[in-house]
Amino acid sequence: MFVNRIVSVYLRLFFLGFAVWMLAFYFLISNPNVEVNAQDLPTLKTHLLPPTLAQWKDTSNSGDYFDRIEVQDVGYLIWSQFPIKVYVESSQNSKKSENNLFSSSVKSTPDSLQNISRSRQWANIVIDAIWEWNTYLPLQIVDNPEIADIKIFNKRPPLTPGNLRARSAETRYQLHEDENGTLSQSFVIWLSPMQVGKYLPAAVRHEFGHALGIWGHSSEKTDVMYYSQVAEPPPISARDINTLKRIYLQATRLGVQ
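Everything in the sequence shown is counted per the numbering used here, starting at 676 for the first residue and increasing by one.
In case anyone wonders, no lab produced these hints; they're calculated from the structure. Careful, some of the hints might be misleading.
What the hints assert, rightly or not - Lysine to aspartate or glutamate pairs mimicking EDC-like chemistry, simulated, CA-CA at most 16 Å apart:
id, residue 1, residue 2
1, Lys896, Glu907
2, Lys873, Glu821
3, Lys760, Asp818
4, Lys873, Asp803
5, Lys760, Glu854
6, Lys760, Glu807
7, Lys920, Asp748
8, Lys830, Glu845
9, Lys920, Asp742
10, Lys873, Glu807
11, Lys760, Asp715
12, Lys826, Glu764
13, Lys826, Asp853
14, Lys720, Asp742
Claimed, not checked - Just the calculated beta-carbon pair ranges, DEER-fashion:
id, residue 1, residue 2, range
15, Ser737, Leu834, 36 to 44 Å
16, Asn809, Glu895, 21 to 29 Å
17, Gln796, Asn736, 36 to 44 Å
Yeah, the Cβ is synthetic: ideal placement off N, Cα and C, and Gly gets one too.
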């Protein structure tokens, strides 16, 4: 009886400790904007503009919203290695699902085939939307999420501590340090399956703009990075690209020094 009580106490302590560890891990993953000691970071440095962005000229002098961009502890969230590798959920998985359906002994159903079709259609819409940014920053679609710089998932954004309001789309980033002390970033974009019609590509353009470094919002409805959804989603504007270019002219602690 005494032994059973001791075992019970140890088990409770173990599960309590495990729960605390999981909670701490959740906060670490869910809150990438944790303050970092500047003394432990690489020095600030500017990178050369990729040719596609360097050659951009706004002949209409549309202005920008650079003053609304948030600067992180590591500086601006700039990519310096191109092409930027992007993984889109469903594009590869749907093909595998289709092969499994036709090669298995289980007969495929109209519903299962329809799900594959929807999955491919979703992936195609997403890829078309992000490819609009390829005009300015070189992109590459990859099938392996492990090598991707930006991952896009067809899932409702997870709730965050202190903010239980459901979102239709969200972008988060994490920082990584290699053995040489070089800092790099990676992004995850969640797109709710409830996003349909013209609002899906609009959400993709907007969230992907964040992942490219536009960590802020415009106050103009004619910009992709406007802070709220609008009835008629606009294309990428000159102000969006002007802002992107100004960001990439700034210093950052990210990338090879």
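The hints, checked one at a time:
1. Lys896 to Glu907: Distance of about 9 Å is within 16 Å: holds.
2. Lys873 to Glu821: Given that 16 Å is the threshold and the Cα spacing comes to 30 Å, the pair is violated.
3. Lys760 to Asp818: holds, 10 Å
4. Lys873 to Asp803: holds, 12 Å
5. Lys760 to Glu854: Measuring from Cα to Cα gives roughly 21 Å; hence the hint is violated.
6. Lys760 to Glu807: With Cα atoms ~15 Å apart, Lys760 and Glu807 stay inside 16 Å; holds.
7. Lys920 to Asp748: Violated, because 20 Å separates the two Cα atoms, which is more than 16 Å.
8. Lys830 to Glu845: holds, 10 Å
9. Lys920 to Asp742: Between Lys920 and Asp742 the Cα gap is close to 13 Å, so the pair holds against 16 Å.
10. Lys873 to Glu807: Given pair Lys873, Glu807 holds - Cα atoms ~15 Å apart, limit 16 Å.
11. Lys760 to Asp715: Distance of about 28 Å is beyond 16 Å: violated.
12. Lys826 to Glu764: Cα-Cα ~8 Å, so holds.
13. Lys826 to Asp853: Not OK: Lys826 and Asp853 at ~20 Å, beyond 16 Å, violated.
14. Lys720 to Asp742: violated, 20 Å
15. Ser737 to Leu834: 36 to 44 Å: holds, 37 Å
16. Asn809 to Glu895: 21 to 29 Å: 23 Å Cβ-Cβ, so the 21 to 29 Å window holds.
17. Gln796 to Asn736: 36 to 44 Å: holds, 39 Å
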